[in-house]
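Protein chains in written order, with the working numbering: chain A, 1 to 337; chain B, 1 to 337; chain C, 1 to 337; chain D, 1 to 337.
Everything labelled a hint here was simulated from the structure, so no lab data went into it. Watch out, some of these pointers could steer you wrong.
A pair holds if it fits inside one copy or across any two, identical chains being indistinguishable in the list.
Subject to a maximum C-alpha distance of 20 Å in a straight line, what follows is the list of computed EDC-like cross-link-like pairs (lysine to aspartate or glutamate) [unchecked claim]: (1) 195 with 172; (2) 324 with 176; (3) 67 with 108; (4) 22 with 176; (5) 22 with 321; (6) 22 with 57; (7) 67 with 278; (8) 77 with 92; (9) 67 with 244; (10) 195 with 144; (11) 195 with 176; (12) 202 with 144; (13) 7 with 215.
Source: prediction; values computed, not measured.
There are 4 protein chains.
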Amino acid sequence: MLIVMDKNATREQIDNTVRAIKAMKLTPVPVPGSQRTAIGIIGNTGPLDRASFLVLDGVKEAIPVSKPYKLVSREVKPENTIISVGNATIGDGNITVIAGPCAVESREQCLAIARAVKNAGATCFRGGAFKPRTSPYSFQGLGEKGLEILTAVRQETGLAIVTEAIDHSNLELVEDVADIIQIGARNMQNFSLLKRAGRSSKPILLKRGMSATVDELLMAAEYIMANGNHRIILCERGVRTFADHTRNTLDLSAVPAVKSVSHLPIIVDPSHAAGRRDQVIPLSRGSVAVGADGLLVEVHNDPQHALSDGPQSLYPEQFDELMKSVAAVAASTGAAG
Amino acid sequence: MLIVMDKNATREQIDNTVRAIKAMKLTPVPVPGSQRTAIGIIGNTGPLDRASFLVLDGVKEAIPVSKPYKLVSREVKPENTIISVGNATIGDGNITVIAGPCAVESREQCLAIARAVKNAGATCFRGGAFKPRTSPYSFQGLGEKGLEILTAVRQETGLAIVTEAIDHSNLELVEDVADIIQIGARNMQNFSLLKRAGRSSKPILLKRGMSATVDELLMAAEYIMANGNHRIILCERGVRTFADHTRNTLDLSAVPAVKSVSHLPIIVDPSHAAGRRDQVIPLSRGSVAVGADGLLVEVHNDPQHALSDGPQSLYPEQFDELMKSVAAVAASTGAAG
Amino acid sequence: MLIVMDKNATREQIDNTVRAIKAMKLTPVPVPGSQRTAIGIIGNTGPLDRASFLVLDGVKEAIPVSKPYKLVSREVKPENTIISVGNATIGDGNITVIAGPCAVESREQCLAIARAVKNAGATCFRGGAFKPRTSPYSFQGLGEKGLEILTAVRQETGLAIVTEAIDHSNLELVEDVADIIQIGARNMQNFSLLKRAGRSSKPILLKRGMSATVDELLMAAEYIMANGNHRIILCERGVRTFADHTRNTLDLSAVPAVKSVSHLPIIVDPSHAAGRRDQVIPLSRGSVAVGADGLLVEVHNDPQHALSDGPQSLYPEQFDELMKSVAAVAASTGAAG
Amino acid sequence: MLIVMDKNATREQIDNTVRAIKAMKLTPVPVPGSQRTAIGIIGNTGPLDRASFLVLDGVKEAIPVSKPYKLVSREVKPENTIISVGNATIGDGNITVIAGPCAVESREQCLAIARAVKNAGATCFRGGAFKPRTSPYSFQGLGEKGLEILTAVRQETGLAIVTEAIDHSNLELVEDVADIIQIGARNMQNFSLLKRAGRSSKPILLKRGMSATVDELLMAAEYIMANGNHRIILCERGVRTFADHTRNTLDLSAVPAVKSVSHLPIIVDPSHAAGRRDQVIPLSRGSVAVGADGLLVEVHNDPQHALSDGPQSLYPEQFDELMKSVAAVAASTGAAG
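The following block holds chain A by itself, in its conformation from the complex (with noise of 0.2 Å):
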C-alpha cells in the first residue's frame, strides 16, 4: 500500500498517520516528495484494507501496490513520465537521440562531434568527463577539464548535456554543468550514490546493470523517487551471456517489460551491447521498433585513435543513416500504433 499525503498536509498529520500505520503492526516508510510526503507501507502479510487509510486527516489517496517497487509503478501513475530538457523531451513518443564520444578527449573532438550529431538531428550530447574503467592503468577522463568542455558544447550547439558522475564528490560537479546526470551500469545498485543521485535537481539517467533483472533496475530507480527525484530515464544496455558475438546481449524485451510496468521512459544504448560498429544501426532500428523512447548512440570523428570504445563508435556519416533509418521505423510504429 502507499499512502499519498494531501499536497497541504501538515507534518502533524504526517506524523499521525505514520503512528497510525504502526498502531497497526505494519511498517511505514516515509518517502518525502518536492511536492507532497508519501508513505510506503511495509510488512502486512495480507491485503490491507483502504479505508482504514482513507480516513485518516491528510491522507489523499491510498494504492494497493503488487509489486516490491512501488513510485515507479504504473500502478501508482498511470500516465507516462515525461522529462523535458534543453529541446529534448523524453517519454512523450517522440524518440530522443543523446549522441556523442564515449569519453571527451579534447574541446575541438568534442565540438566537431557534436555539431556532426547535431545536423543529423539528436538534441542531446553525451561524453564522459569521469570514467569508470575496468584497469587503474586505463584512461580515466579528463575530469572537472572535461566538463569545462561539455558547457562549451552547449554554449556552442544548444545540445543538452549528459555526463556520467561516478561518485558523490564528482556528482556535485556534475550536477553543475550536465541537464541530464549519467548513473553507469556499474553502480546500478550503489546504493548511496543513487540516495545522492535522489537528492538532485537533474534528471538522472539510469543505465542497467550487466547482470540486473528489470526488477532491480526498477528497485534503483524507486531508490531515486524514493530520495525525491521523480525524472528517471532508464536505460538498457546489454547484459552478460554466454553468447559472444557482441559484448553484451542486448535484451530488447526489457523495454516493453519496463513500459508495462513503469510510467517511467526508457531508452536504449546499442553501441555498448554490440561492441561493434555494424550492429549499431540495426538494433537502433530495433530498439525503436520495440518501442523505446530514445537511443543513447556512441559517435567518434576519428575512432581509429579513440582513447576508448573506438570499435563500436560510429563515424559521423554513418550516424546520419541511422537517425535517417531510425526516424523511418519510428513512423512506422506511429502508424501502427
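Dock chains B, C and D against the given chain A, drawing on the hints supplied.
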C-alpha cells in the same frame, strides 16, 4: 580451404583430388552434394596455396575459408540463399510469417487457426505433431494422426506446412508431409539427426539451442549442408540467462551477426522467447527492424485451453494486428535500406 | 500421485485402474517397469485422496508426489540407488572413478591408459567410440572399431567400460559392449534417445545439459525410468556462463541439490567443466567434498597429440596424484559425516 | 612492464624515470606505495627491453608483466600474501573462518552469536552495520549504532571484526572499528570506493561481483593495491546464471584460478551463494577442498526472525558441525598436498 569439384567431375577425378590432398599431409573431408562434390580441407597449420589444387583435373574452385564453417559461409557463397515452398519465399527480402498453434490438437482447431492466419497474411502454417516435452508425463503430440491433420490443412488452405521432427523415425514420416522440417532447439546439436536432415529433400528450419553461440548454430547448419541439403532457415528463439521477465532472452543481435557471415536466411520466434503474449508484437516488430527474414509465431483460437504454451499464444485478432504492424516496419526498412 | 501396482497385478487390474483414473477426470500415465507397473496421475488441480486408489484391486501403493518428477524422487524411494557393474559399485558411499581418454584412438593407446588408471585405482574405463563434435570436419570417433578396442580393454584389464551412444542405431551397438552407456550433455533432452535408453538393460550415465536446470536433469532421468530402466547415474559437468577462466562453470551445488530430492547417484566430470588440466585435481577434491559418488576424468598418455580435448587430459602420473588426493578427502568425509 | 623503484629512491629519481619512460613514447603510471614507488608502463605494442630501465638511477627492478593486472600478479610477487588481524592469519595455509549474522540487529544477538562461533573455532566475526539492500524499504542496518555493538563484540570476545563499507563516508566510520573492511559484490566496480579503500590502513575483503570475471575481480584488487593498500582478501560468493536451485551459482573453480595467477588469499562465502541453509556445509567442505584460505559464513541464533537472509543462516549447532567437518577436509588437504 574448400575445393569445389566441377559438376561433371568423375569419381576418379574426385578420388585423385582426395589422394593429392592426403599426399600434402592434409585431411580431405568430401562433402557430396546433389549437384557437385565439395571437399573441405582441414588440418592445415598455415595458409594453403590455391594453385596446388586448381591444377588438379576436375577441380573448379579452391576457396580459402577463415572460419570453422565453410559451406554456410558468405565467403564461399556471397549471395543470399532464397528458399521457396508453396506460396512462400524466404530470404528474398520480404517477411515470411509462419503461424499456428504450438501443438496440433484437432482438425477443427487447426483448420480454424489456419484460416485465420491465412486471412491475416501468413503463408506457412506451424503445428507440432511430435512434441519434445520436458516431462514424460506431458502431452507428447498426436503423432501420425497430427500429420494427417496437417495434410488436410495444406489441402484446404494452400499454406505450406512447418512441423518438427525429433528423431530419425519420425523425420521419415514428417518428410512426407511437411514443406519445411523443423529441428528444435533441444536437438540443435543432435548431430545424428542433423546428418539425417542433410539427406532430406525438404528445407530445414533449424532453431538455435538454448545456450548455443552463433558459431555453434552455424556449425550445426554446416552439418546439414555437408550432407547435401543446402536449404536451411535459421531461427533465433531466445537464450538462457538470469533474466526472469521473459522465459528466454531474445538475442536479436544474432540476426545481423548471422547475416554478416552467412548467406542463409534467419527468422525469429518471439513466442517461445518471451513466453508471454504481451511481448510478441513488440518483439516481432523488433525482429523485422533488425533484418530478420521472417517470424515464427504461435496463434491459438482458444489459448486458455491450449494443450501447451497457451500463455504465449496470440488470439487471432492479435495476430491480425501483428501482421499490420510488422508490414509497416518492413516497409520502413525497405525505405531506409 | 504415483500409483504402484502389485508385482502380481494382472493386465486386467492395470486396465481397470487406468479406467478408474479416467473416470475421475484425471490422466493416467502408465509406466511399465521390468518388475511392476506404476501409473503416474497428472491433470489434478488439487491434492488427491489416496484412499480412492488404494481400494482398487492390484494397487499396492499410492504415493503423493509434490514435484514434477516422480520415479527419480526420494519421496517415492527414500533409500539411495546403488548400481553395480564389474568391480565398481556406485552410490554406496565409496568414490567410483571412471578414467580414460576423451576418444578411443587406438588399441595401444587405450591399453596403455587403461593399465595406468587401473593401477592408480580406477574401476571403470571411459573412451568415446562415437564422438559428438561441434564441427562436421572434426574427428568423429572410430565407431565400431572403437567398440572392439573397448572390448579388448575390458578383457585385458577387467575394467568396466563406459562409452557414449549418440543415436538409436549406435546405442544398439554400444549396448552390446558397454557396461554403462553414456548420454552426453548435448543429448540430455534428446527425448527419443532417452526413451530408448529407458528400454536398455545397461545402466545409463546421464550428463547434465550445458544450460539445464537441476529439475530438467531429473526430468530427463525420469524419461529413462518411466521407460523401465531404473539404473541411472547423473553427472554434473559444468554449465555455460559468462565466466571465461574455465570452459564451463562447474556447479558443485548441483550435487547436494540432487541428493536432497533424488535417490540417484551423481558423479562429477571436472575435465570437461574446466577444459584445463591444472584445475582437474582441485575440482576433483571439491567434488568429493560436496558429496559426489564418483568422478569422470580424462587421462591420456600423450595429451599433446590427443585427437580431442588434449589440454584438459591428465598425464598418468597426475592421475595417480588425483587418486591419492581424492582418497584423503573421501576419508575425511567419512570421518565427518 | 612494472618498474619498481628502490626503497630509498628520491623524488627526483622517480621523476627522472617517469620522464625517461615518456621519452620512449610510453605512458608511465606511478603507483605510490607505503614502502616504495612502482611505475606501471602501458601503451607498449611489443615487448620492452628491461635493460633500458635498469640503467636508470633509483630503479630496483623491471618486471615484464603479461597480464592486464600487475601488482596483484604472482609474476610480480611469487610468494603468497599473508594477512594477520587479531588472532587470525589469512593466507598461510590454515583455514580462517569468519562467522556471524548478516546484519547487526542488537547487542544481545551479536554477543550470543559471537560467543557461539568463537567456541566453535571462528577467529573473526562478521555482521553488517550498513547494509546494501535491493529495496529502499528494506532494513538498511543499524549504522553507527551497529558499529558500537561490533566494538563491544571485539572487546568481549577478542574476535576480529569484519564489516562492510558502502560509501566514502561510512568507510571513514567503519575504518575506525573494523579489523577488516568488506567491499560487497555490488560495489566491486565502484572504482571510487576502491580507490578510497586503497588509502585505508585496514585490510580489505573484496567480494566478486555477481557477473564479474576472475580477471575483473583481480583488476578491482589492482585498484586497491595501486592506491597503496596491499592487504586484500578476495572472496568468491557465487555468480548469476540461469540455474535456479541456488540463489547464485558458486564458482569454486575461481579459487584455483586466482591462486595460479595471484598471490592474494581467497576465501569463499557459501551462504550468499546458496541462499539455503542445507547447502552451506557441503559447499564449505568443497571450498576448502579446492584450496580456499577461509570461509565467510552466516550464523544466527534465531534465523526465523532474522532481519535479513534468515533462510541461509546456520543455527549455532550446525556451525559447530561445519567447523568439525571443514577441519577434517583441511587436514586431508595438508596430507595430500
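Hint by hint, work out which the structure violates, then give me just those numbers in ascending order. 2, 3, 4, 5 and 13
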